[in-house]
Amino acid sequence: MNKLDVVLKNSLEELQRATGEIDAFLEQIGASGETVFNVHFVVEEMLSNVIKYAFKDSSQHEILLEITSEKKDLRIVIEDDGMEFNPLSVPEKKTDLPLQEREIGGLGIHLVRKIARDMTYLRRNGRNRLEMSLLI
Amino acid sequence: MIRTEKSDGKDIFFFDGRMDTATCAGVEKELDGQIEKAEGTVVFDLGSVDFVSSAFLRICIATAKKKGAGNLKVANAAPSIKKVFKIAGLDQFLM
Chain X
1 MNKLDVVLKN
11 SLEELQRATG
21 EIDAFLEQIG
31 ASGETVFNVH
41 FVVEEMLSNV
51 IKYAFKDSSQ
61 HEILLEITSE
71 KKDLRIVIED
81 DGMEFNPLSV
91 PEKKTDLPLQ
101 EREIGGLGIH
111 LVRKIARDMT
121 YLRRNGRNRL
131 EMSLLI
Chain Y
1 MIRTEKSDGK
11 DIFFFDGRMD
21 TATCAGVEKE
31 LDGQIEKAEG
41 TVVFDLGSVD
51 FVSSAFLRIC
61 IATAKKKGAG
71 NLKVANAAPS
81 IKKVFKIAGL
91 DQFLM
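From first to last, the protein sequence lines stand for chains X and Y.
According to the working numbering, the first sequence is numbered sequentially starting from 1.
According to the working numbering, the second sequence is numbered sequentially starting from 1.
To be clear, the hints were calculated from the coordinates, so they are not data collected in a lab.
Just so it is clear, CB atoms sit at the ideal spot from N, CA and C, and this is done for glycine as well.
Do not rely on the hints blindly, as some may be mistaken.
Over 10 Å on every C-beta distance to chain X, these chain Y residues come out as not near it, computed from the model [unchecked claim]:
#: 1; residue: D16
#: 2; residue: D20
#: 3; residue: G47
#: 4; residue: I87
Label pairs and their in silico Cβ distance ranges [claimed, not checked]:
#: 5; chain 1: Y; residue 1: E39; chain 2: X; residue 2: I29; range: 28 to 38 Å
#: 6; chain 1: X; residue 1: N125; chain 2: Y; residue 2: E39; range: 53 to 63 Å
#: 7; chain 1: Y; residue 1: E39; chain 2: X; residue 2: D23; range: 21 to 31 Å
#: 8; chain 1: X; residue 1: N125; chain 2: Y; residue 2: K6; range: 21 to 31 Å
#: 9; chain 1: X; residue 1: K52; chain 2: Y; residue 2: T4; range: 21 to 31 Å
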């Protein structure tokens, strides 16, 4: 089993910094190009949502990112102390609407749901915990 | 700085590297006036792009809404990026 633990502050610059650590970890475990893209995608989408929307104050917060690889499985955990938010409760996006009826935003969670093999969410002790798994 | 080129009635915008949430915030500002000025088909060339987030898709949808769906094309996207456009139901933009 290989594991990466990253503690990020709630800023997009921190998220950009973390991509280097994620890249190094994925290289270490010999992940394919497609897996590298998928991991970066789900991490970028869900972490940027936390950074942008989870905190109402202007304080610094810590967000925990954990990536574990075991055999063919990759498990990604994001944990934060922001406002309660379950991404799995967001309604599915209709992606077959004509352009004029399409909303400009809101695709991130939809895409992550399609790319991740499964997702679970838990609210415990004032913290959001999102787990996602991908096949390597 | 986004490199641009006019060719065969198309306005081509060349993007580079990671089109993540932070990068796209700057890209959106830079594109703001330029898209309005584009007269022909707008082409987003992703030949040097290795990653897109939904923030980039948002820029594509906003651009297509301004210029008309048939007037935005996305060129030279890597397979992983094409997959994202397809899942998002935006493969109409792909060349």
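Hint-by-hint comparison with the structure:
no.	hint	in the structure
1	D16	holds (15 Å)
2	D20	violated (5 Å)
3	G47	holds (16 Å)
4	I87	violated (5 Å)
5	Y:E39 with X:I29: 28 to 38 Å	violated (49 Å)
6	X:N125 with Y:E39: 53 to 63 Å	holds (57 Å)
7	Y:E39 with X:D23: 21 to 31 Å	violated (40 Å)
8	X:N125 with Y:K6: 21 to 31 Å	violated (58 Å)
9	X:K52 with Y:T4: 21 to 31 Å	holds (29 Å)
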